[in-house]
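Chemist: Here the sequence shown is numbered in the working numbering, starting from 59 and rising by one per residue.
Errors might be hidden in some of the hints.
[What the hints assert, rightly or not] Straight line, CA to CA, 30 Å or less: simulated DSBU-like cross-link-like pairs of lysine-lysine: (1) Lys313 x Lys301; (2) Lys108 x Lys303; (3) Lys301 x Lys150; (4) Lys107 x Lys332; (5) Lys332 x Lys313; (6) Lys108 x Lys332; (7) Lys259 x Lys332; (8) Lys237 x Lys366; (9) Lys276 x Lys107; (10) Lys107 x Lys303; (11) Lys259 x Lys313; (12) Lys108 x Lys259; (13) Lys276 x Lys233.
[Claimed, not checked] Across the chosen pairs, the derived CB separations fall in these ranges: (14) Trp240 x Phe78: 42 to 50 Å; (15) Phe177 x Gly148: 28 to 36 Å; (16) Ser83 x Gly308: 35 to 43 Å; (17) Tyr73 x Gly148: 16 to 24 Å; (18) Glu236 x Phe338: 34 to 42 Å; (19) Arg300 x Ala321: 37 to 45 Å; (20) Lys365 x Tyr73: 34 to 42 Å; (21) Ile254 x Arg300: 27 to 35 Å.
These are calculated hints, taken from the structure and not from any lab test.
For every residue, glycine included, the Cβ atom is placed at its ideal position computed from N, Cα and C.
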Amino acid sequence: MDIQYLLVLQNFRFYSEGVFNGFFSFITTLGESFIPVLLMAAVYWCFNKKAGTYMCLAEGVGGLVNSVLKISFCVYRPWIRDPGIEPIAGAKTTATGYSFPSGHSTNATCYYGSLALYFRKYRFVVVFLFSVVFLVMLSRNFLGVHTPQDVLVGFGSAFLVILLMGYVLNDYLEKNPEKDIWVMAAILTCGVLIIIYAMTKSYPQNWVDGTLLVDPAKMITDVFGNVGFAFGAAIGWIVERRKIKFSLDGTLYVKIRRYLIGAAVITVLHYILKNVFSLFLDAYAAAFIYNFLVPFFILAIYPALFKKFETKCS
59 MDIQYLLVLQ NFRFYSEGVF NGFFSFITTL GESFIPVLLM AAVYWCFNKK AGTYMCLAEG
119 VGGLVNSVLK ISFCVYRPWI RDPGIEPIAG AKTTATGYSF PSGHSTNATC YYGSLALYFR
179 KYRFVVVFLF SVVFLVMLSR NFLGVHTPQD VLVGFGSAFL VILLMGYVLN DYLEKNPEKD
239 IWVMAAILTC GVLIIIYAMT KSYPQNWVDG TLLVDPAKMI TDVFGNVGFA FGAAIGWIVE
299 RRKIKFSLDG TLYVKIRRYL IGAAVITVLH YILKNVFSLF LDAYAAAFIY NFLVPFFILA
359 IYPALFKKFE TKCS
């Protein structure tokens, strides 16, 4: 039934002459790393530190869960399972590795879902943000790169993560603030164990025309990337929480300037340094370091810098 559903969507794309292809291609980018990270940075630096922290840590833990599920079940992509599935042009570039569960659906739920739960008193915010999540999920089916179970389990596992992290941040640590170091230690320990698991487990070795259908090295690289993000989020959170303690005070002009400079650095990290790392480091190290730097820069490095700079200028 899952393949039949994708074929129905594929036929709709064909008979509608691709009129919705551009829309869903854009929607799917909302579940990738760049746009949600820019949103998270805006929330954290300029509006609400707790909400931004919640988004970042939820994404870090959600990525760990997604990694474990992907390399445990090793489910092939829809077009490998059925040659009749033809993803739209360009969709395969962000659909690498195993299919189950959907990383885009996990990311969207962790970023937008955590923000929705944090501001759950505002019904419009909740409806809007979860609408974005469900559109991202639908986009992965519409583009032909994920089955319904891929996106549903991606959403479900991530939703459990945001509930867990919401409890940890908003209930447990409110009553036991000194236990934050143990939360960080738990995330780091899980990350190390997942890397060991990824590097020691066996993977399917199915070849077509002399090429592995899914290269285990690619999956291990993705694991290193997800663990790097979780490490950067957990360590950056503790450093800011215990040492930096920046304030959200400031005029609208100060906050806009703060955000634009920080967003420019994130853009450089994403489009330039990411490729530079791959030139000088092996794939595992490059993936880990890049993904570590992004949340660590957002949570700790940049707040320390603008706190010092803005204090001198005031």
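Chemist: A separate judgement is required for each hint: does it hold in the structure or not?
Modeler: Status of each hint after checking the structure:
1. Lys313 x Lys301: 21 Å, holds
2. Lys108 x Lys303: Cα-Cα ~12 Å, so holds.
3. Lys301 x Lys150: 43 Å, violated
4. Lys107 x Lys332: Roughly 26 Å between the alpha carbons, so the hint for Lys107 and Lys332 holds.
5. Lys332 x Lys313: Roughly 27 Å between the alpha carbons, so the hint for Lys332 and Lys313 holds.
6. Lys108 x Lys332: Satisfied, since the Cα-Cα distance of roughly 28 Å is no more than 30 Å.
7. Lys259 x Lys332: At roughly 28 Å apart (the allowed maximum being 30 Å), Lys332 and Lys259 satisfy the hint.
8. Lys237 x Lys366: 28 Å, holds
9. Lys276 x Lys107: Violated, at about 34 Å.
10. Lys107 x Lys303: The hint holds at about 10 Å.
11. Lys259 x Lys313: 47 Å, violated
12. Lys108 x Lys259: Distance of about 37 Å is beyond 30 Å: violated.
13. Lys276 x Lys233: Not OK: Lys276 and Lys233 at ~42 Å, beyond 30 Å, violated.
14. Trp240 x Phe78: 42 to 50 Å: With Cβ atoms ~48 Å apart, the hint holds.
15. Phe177 x Gly148: 28 to 36 Å: 34 Å, holds
16. Ser83 x Gly308: 35 to 43 Å: Given about 37 Å between the Cβ atoms, the range holds.
17. Tyr73 x Gly148: 16 to 24 Å: Since the Cβ atoms of Tyr73 and Gly148 sit about 21 Å apart, the hinted range of 16 to 24 Å holds.
18. Glu236 x Phe338: 34 to 42 Å: Since Glu236 and Phe338 have Cβ atoms about 40 Å apart, the given range 34 to 42 Å holds.
19. Arg300 x Ala321: 37 to 45 Å: 26 Å, violated
20. Lys365 x Tyr73: 34 to 42 Å: Since the Cβ atoms of Lys365 and Tyr73 sit about 56 Å apart, the hinted range of 34 to 42 Å is violated.
21. Ile254 x Arg300: 27 to 35 Å: 29 Å, holds
Hints 3, 9, 11, 12, 13, 19 and 20 from the earlier list are contradicted by this structure; the remaining hints agree with it.
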